[in-house]
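**Q** Read top to bottom, the protein sequences are chains A and B.
If you count the first sequence from 1, position 141 lands on 140 in numbering that gives the first Met the number 0, and the numbers rise without skipping.
If you count the second sequence from 1, position 34 lands on 33 in numbering that gives the first Met the number 0, and the numbers rise without skipping.
Each hint should be verified, as a subset may be incorrect.
To give an idea of the interface, some chain A residues facing chain B are shown, with a C-beta separation under 7 Å as derived from the structure [claimed, not checked]:
1. 24
2. 92
3. 101
4. 105
5. 153
6. 159
7. 160
8. 162
9. 163
10. 169
Worth flagging that the hints you see were computed from the coordinates, not collected in a lab.
Given the structure is predicted, the values throughout are model-derived calculations rather than measurements.
Backbone N, C-alpha and C define an ideal beta-carbon position, used for all residues, glycine too.
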Amino acid sequence: MSAVSHPESQFEDLEGLLACPSCDMLLNDRNVAANEIAACPRCHTVIEAPRPLAMTRIIMLSFAALILLFAALFFPFLELQAAGMMRHTTLLDTIAAFSGGLTAPLTLLMGALIVFLPLVRFVSLVYVLAPMAFGWAPLKHAIPVFRLVEALRPWAMIEIFMVGVAVALVKVAGLAHITIGPAFWAFVALVIVTVFKDNFMSRVTVWKTLEARRPS
Amino acid sequence: MENARSQTPVLTAHEAGLIGCTSCGKVHRTGTDRCARCGATLHAPDGKSLQKVWAWLVAGLVVYVPANVYPMLRTTTLGQTTDNTIVGGALDLARHGDYGVALVVFIASIVIPIGKFAAIAYLALAVSRKVRMGPHARHITFVIVEFIGRWSMIDVFVVAILASLVTLDFAATIRPGIAAISFALSVAFTMISALSFDPRLIWDTKYR
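If we strip away everything but chain A, and leave its shape as in the complex, we get:
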């Protein structure tokens, strides 16, 4: 992206302009090719970084994430053995850990942060991007739905939960014998898939595509 060179001009046509979403610098907008990275010359924030077939890949990864999320929810997560006793934990048990007494509201928060919000994001992404990948017009309400996807991004904390699991495992390791269940691996895969998916995302590119495909 390049700086606007004629500040005196009256900006008759705003179509060719772009304001850096991070620092508001006025730039000449252009079509960014795949594999190219367009950054703001002032604050170096990446504005657009389209990848080839990004839309298709994001949809595929979202589907994979959905399947993995269900596997992670219902298979045994961790198994603890101590003094001849066994204890299975599923992800749902972990979420319900706060359900007794005064900490009950945290159950809702946990469920939202590690299951519900990621789920909403995966489903919404497929809803918005599937028609884009096929070259169709966007579905109804695609624009508010994609705004929701972006607003929820900091609140979907799957990868943070994973590090929490690692810390907890070290804490209990001396206390008991721990077996890692299939849901644990599903969750690890889910984290990797989520990271890949977010890497393929180029917000401004999606907005531009949504605008270009809008039925007039």
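We have chain A already, so just place chain B on it with the hints.
**A** Same frame as chain A, but now just chain B:
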């Protein structure tokens, strides 16, 4: 970038009498309320967002106090109950020789939250010209705060996992303490505070 400090004259949308969308970058004429491309609410880069930043920051600070005073974990071993605060938990880990994990817990629940309070407050002051800080330093601080803030939630997750693993049928039982809820709120409030910060103020040289 050939030269990061090259003196290309920088013209912002605001200075040009236009208004840029902070979500998709589309440029509009001043007076437009909603972005025609993404539907986000448009607002000029003025100091109004700073009020929100301060309000959420103070809220986060207030609930951070009980988070440290009250127990985070309540461990019952053979009828004996011990309460662990956040600092106590980290110290316990260090005493058992798990220095690495103790460090992770200490950084995630003490260093990051306090550093974040300080960084957001300093940024807000720097933007309103109360303290001196160059735009590049402010930008880097903002990027770090925005990236790292969510990671404080680790401690709440650790408590949940421990409590679900070590339950009644064992010699030891771990129950979450009331501090978990205020800690989670503190992390959430400071995240909202950082999200309310308008990054355009970082670069705006004319704003007072």
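**Q** Take the hints in turn and mark each one as holding or not.
**A** Here's how the hints hold up against the structure:
1. 24: 6 Å, holds
2. 92: 4 Å, holds
3. 101: 5 Å, holds
4. 105: Result: holds, 5 Å to nearest chain B Cβ.
5. 153: 6 Å, holds
6. 159: Hint holds; residue 159 of chain A Cβ to chain B Cβ min 5 Å, cut 7 Å.
7. 160: This hint holds: residue 160 of chain A lies near chain B, its Cβ roughly 5 Å from the closest one there, short of 7 Å.
8. 162: For residue 162 of chain A, the interface hint holds, since the closest Cβ of chain B sits about 6 Å away, which is under 7 Å.
9. 163: 3 Å, holds
10. 169: For residue 169 of chain A, the interface hint holds, since the closest Cβ of chain B sits about 5 Å away, which is under 7 Å.
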